[in-house]
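A.B. asks: Sequence:
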Amino acid sequence: MERDGWRNRGKRWRSLFGAFGAAAVNLVFPPVCCGCGRLTGDAHAVCPSCWAGLRLIDRPYCEILGSPFAFDPGPGAVSPQAIANPPAFDRLRSVSLYEGIARDLVHGLKYRDRTDLARMMAEWMIRASDGSVAAADMIVPVPLHAFRLWRRKFNQSAELARCVSERAGKPYRPDVLRRIRRTRRQVGLGARAREENVRGAFAVPESARSGLAGKRIVLVDDVYTTGATVSAATRALRRAGAADVTVLTFAMAMSEPI
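Going by UniProt numbering, the sequence shown wraps up at 258, each residue one higher than the last.
Treat the hints loosely; a few may be bogus.
In the DSS-like style, the derived pairs of lysine-lysine whose C-alpha atoms are separated by at most 30 Å in a straight line are [stated by the list, open to error]: (1) Lys-170 - Lys-153; (2) Lys-110 - Lys-153; (3) Lys-170 - Lys-215; (4) Lys-170 - Lys-110.
Treat the hints as calculated values from the structure; they're not laboratory data.
For clarity, every value in this text was computed on a predicted model and none was experimentally measured.
Hey, can you work out the whole structure from these sequences and the hints?
C.D. replies: What follows is the structure, encoded as structure tokens:
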């Protein structure tokens, strides 16, 4: 906690004084690794050791689910899972498998109020999007229910989406999707229970429907597990007329490459 406080103090002073003052601030609050806290040369970065611990997702992967292949089956390959059970969304892209330092970064953002991590994570997400962010008409976060947002004070998916929007110069539209039903936490639920839990939980407000017709949307969440949440959210966007939905997450939970 003390280390998190040191990081956050440095971040606040850097944002106050801008680029010129950042050099002076770095003398007082030296930039540290976002993962382990070791000193680094740059703010909003990870050290070589933590970087090596990231299991980054890169090609070859399933063109629909974005899940990595253990071998290269050739261009345009689709996994058996995507063929047997096509998702509601058009494609999924993620930065890393959900383990080690990637899990630590997600937990830091989600449970320890480390909103300073969102900018770095968003930059990696844009690169992992494989051009989907560049082609998007808008960036939409997976929303929290109002009660959960009140308890947590912020939505980690919205923080990531806002930073993706700012870095990519794309419209940030948190108003497009609402969570209209309070659901149980997904943690600990099986795939079928997760699907039932979020069925009908999302809706597009009437005021936003006219702006969705024919649009390409990047739907942002922190972690992809079974896909139940983003699938339910995608169906709501589809019903409102969205033409193309890319799900973009920081991490993907899976055991090993296919």
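A.B. asks: I'd like to know which numbered hints this structure contradicts. Please list them from smallest to largest.
C.D. replies: Hints that this structure does not satisfy do not exist here, as all of them hold.
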